[in-house]
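Asker: Next come the chains, spelled out residue by residue.
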Amino acid sequence: MADIDIRSVRKAYGKNQVVHGVDLSIRSGEFVVILGPSGCGKSTLLRMIAGLEAITEGEIAIAGDVVNAMEPRERGCAMVFQNYALYPHMTVADNIGYGLKVAGLSKPERRARVETVAKSLGLSDYLDRKPGQLSGGQRQRVAMGRAMIREPKVFLFDEPLSNLDAKLRVQMRIEIRKLHNRLGTTSVFVTHDQVEAMTLADRVVVMNGGHIEQVGTPEEIYRNPASRFVAGFIGSPPMNLFEGRVTGPGEVEAQGIVLSVPHAGLARGQAVTVGIRPEEVLLGAAGSNTASIDVDFREELGSVRLLHGQVAGADFVIQVPATTAGPKVGHFSFEVPARAVHLFDAETGMRIDPVAGGIRAAA
Amino acid sequence: MDRRAVYKTAWIGGLLLAPQLLLVFTFFYWPTGAALFWAFTLERPWGGGNEFAGLDNFRMVFSDTAYWGAVWRSMVFALGSTALAMGLALLFALFCDRQLRGYKAYQTMLIWPYAVAAPAAGVAFRFLFAPEAGVFAALNKIHPDFWNPSVNGFHAMILIVVAYSWKYLAYNFIFFLAALQSIPRALIEASAMDGSGPLRRMWDIQLPLLAPTMFFLLVINITDSFVDSFGIIDLTTHGGPSKATTLMVYKIYFDGFKGLDYSGAAAQSIVLMLLVMALTFVQFRFIERRVHYR
Ligand SMILES: Nc1ncnc2c1ncn2[C@@H]1O[C@H](COP(=O)(O)OP(=O)(O)O)[C@@H](O)[C@H]1O
Ligand SMILES: [Mg+2]
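Residue numbers (our numbering), protein chains in the order written: chain A, 0 to 362; chain B, 56 to 349.
Okay, chain A solo, but in the shape it has when bound (with noise of 0.2 Å):
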């Protein structure tokens, strides 16, 4: 176990900078995943940290240890990667076990672990196949189990589910977690997909353009999003946005339609992004803070139902419980309660807090 620092670390293909000034503690023990679009350079970060990739410029290091200059043999960690990299021409038995043999472990040595660590995963009776006879499942096992026969003092993982079906994602999504939680390893977890940072995490860190847009846990990246970016990727639906404007002291204007909302300190006439979440109105509700949608599709989740329609000419989703009764179509007046207003300085894109009223500067 150990923690990793990353301290103002860039990366940069000749002129083409793609990871700009990344400061990131990790705790050790911590399950932290990297979320963010797809290229937002996710992967090098972590490949950094791998040793896979150099270090532009910045430090990283794990342990207390600045690793810049070492090999990834020295770094101690392990790492799963996206198309699993399994050694097509060994055994699950070889490719489990192959870490300790180039550690110079004796043959009775390695295959009691690698029984040990097969056995953990089921794969015990996969030890003799190559990985061509394997499932995707089973060889993302094999992966894993690549992974922790070393007994690493950190895990990386980039992107390791998504050649998986969606079923198997979630099966594995768990499986990974609990194995965090018997093992404690400090662990990095890559993904651009936000239910499996959400469900893996202790903290996410939201990455977009090489940069961090916001570190936290997951309900603190969904109840306070730090920018107009993370407002907008995380959640499912994503959080309804409008441009708008200051109108007055806790009021702001958006779409024709004047919500007053707990914000203090608001400059009259500046420009805001307003944020709603879909799941966070109340429809049918009648009170201050109303406006109408006229719902032209109704999409059913199973649990939930979601509306999608117009409101005043933009684009608006609105998520209810699927018992909520109603046609399909047409038109509706709903509430949208003050605290559910997320402000966003439309300049920056930064957070406006409620309370402080001031710019809060990304974590």
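Since the hints were derived computationally from the structure, they do not count as laboratory data. Remember, it's a predicted structure, so these values are computed and weren't measured experimentally. Be a bit skeptical, because a hint or two may be false.
Stated by the list, open to error - Incomplete in silico selection of chain A near chain B, CB under 8 Å:
hint : residue
1    : Tyr12
2    : Ala49
3    : Leu51
4    : Ala77
5    : Phe80
6    : Asn82
7    : Ala84
8    : Gly98
9    : Phe296
Built from N, CA and C at the ideal position, the CB exists for glycine as well.
Add chain B with the ligands to chain A, keeping to what the hints say.
Answerer: Frame of chain A; chain B with the ligands shown alone:
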């Protein structure tokens, strides 16, 4: 879906095929037929027709110790040139894969020797390895006959092996490099994460995954060394000194065109053809079901 284009009249297709058929016939079936004919007949020394000889020509060939000498030298040449051309090519490809990933210009330059005609290469090597010029002249001054392929048969063999391998080195290199680059990078990285250094990775991951390519090249190199060595030998050693570089293919030429023993030469060429066919068969047999790691 049937994607074939069909000609309405058969003769157009036949007409379009004709030039190719003519070429194949003139340069393949006709000579092969002639060789077969000669191999089983005996030509009268002063002309006047052939008489059927059955397997006599073959018996003659196989009972000739000089022939077995040529067979032995062909084996030595095949193994020597294949080992040299494949070994160096693998080494270069491994270096190139590590240092120059995707550096196309370098790869292109390395294929050139394969495009150089044997006569040009032969002449080049004749000068490079001439005992009376260059580096070897200096060495010969210090130690007389340190290098003299025109007298020393062993030197001559080294000369043709090196000159011949130069070309196949390029050929093998391209195949090895392509095979190395098709190994997923993640495998090498996974191995690095598992704690292996560059040499260990080469040994445990890259070489085993190159096995099918190696087998393919092994057969190609050996097969080609039996026939493609002619140009080099003819330009450098003429089979000498005292037959030390007379390989099977050169002996055919020598017996046939210098010794005017058409029947013996034809029998020898049939034997060589069968040998090459056997190797090609082995290749197809095994390459077709080569180790698939899926
Ligand atoms: N070897 C490379 N050479 C040049 N650019 C690269 C290389 N690897 C990644 N990039 C670029 O860096 C950016 C981040 O890539 P990556 O970290 O793989 O993103 P992701 O968040 O999808 O994992 C991308 O724009 C990608 O094109
Ligand atoms: Mg990636």
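Asker: Hint by hint, say whether it matches the structure.
Answerer: Structure-based check of each hint:
1. Tyr12: Tyrosine 12/A check fails; min Cβ-Cβ to chain B is 13 Å, beyond 8 Å.
2. Ala49: Interface hint status for alanine 49/A: holds (6 Å vs cutoff 8 Å).
3. Leu51: 5 Å, holds
4. Ala77: OK, holds: alanine 77/A within 8 Å of chain B, min 6 Å.
5. Phe80: This interface hint holds because 5 Å falls under the 8 Å limit.
6. Asn82: 6 Å, holds
7. Ala84: Given a least distance of 4 Å, the restraint on alanine 84/A holds.
8. Gly98: 4 Å, holds
9. Phe296: Not OK, violated: phenylalanine 296/A not within 8 Å of chain B, min 39 Å.
In terms of the numbered hints stated before, the structure departs from hints 1 and 9, listed from lowest to highest.
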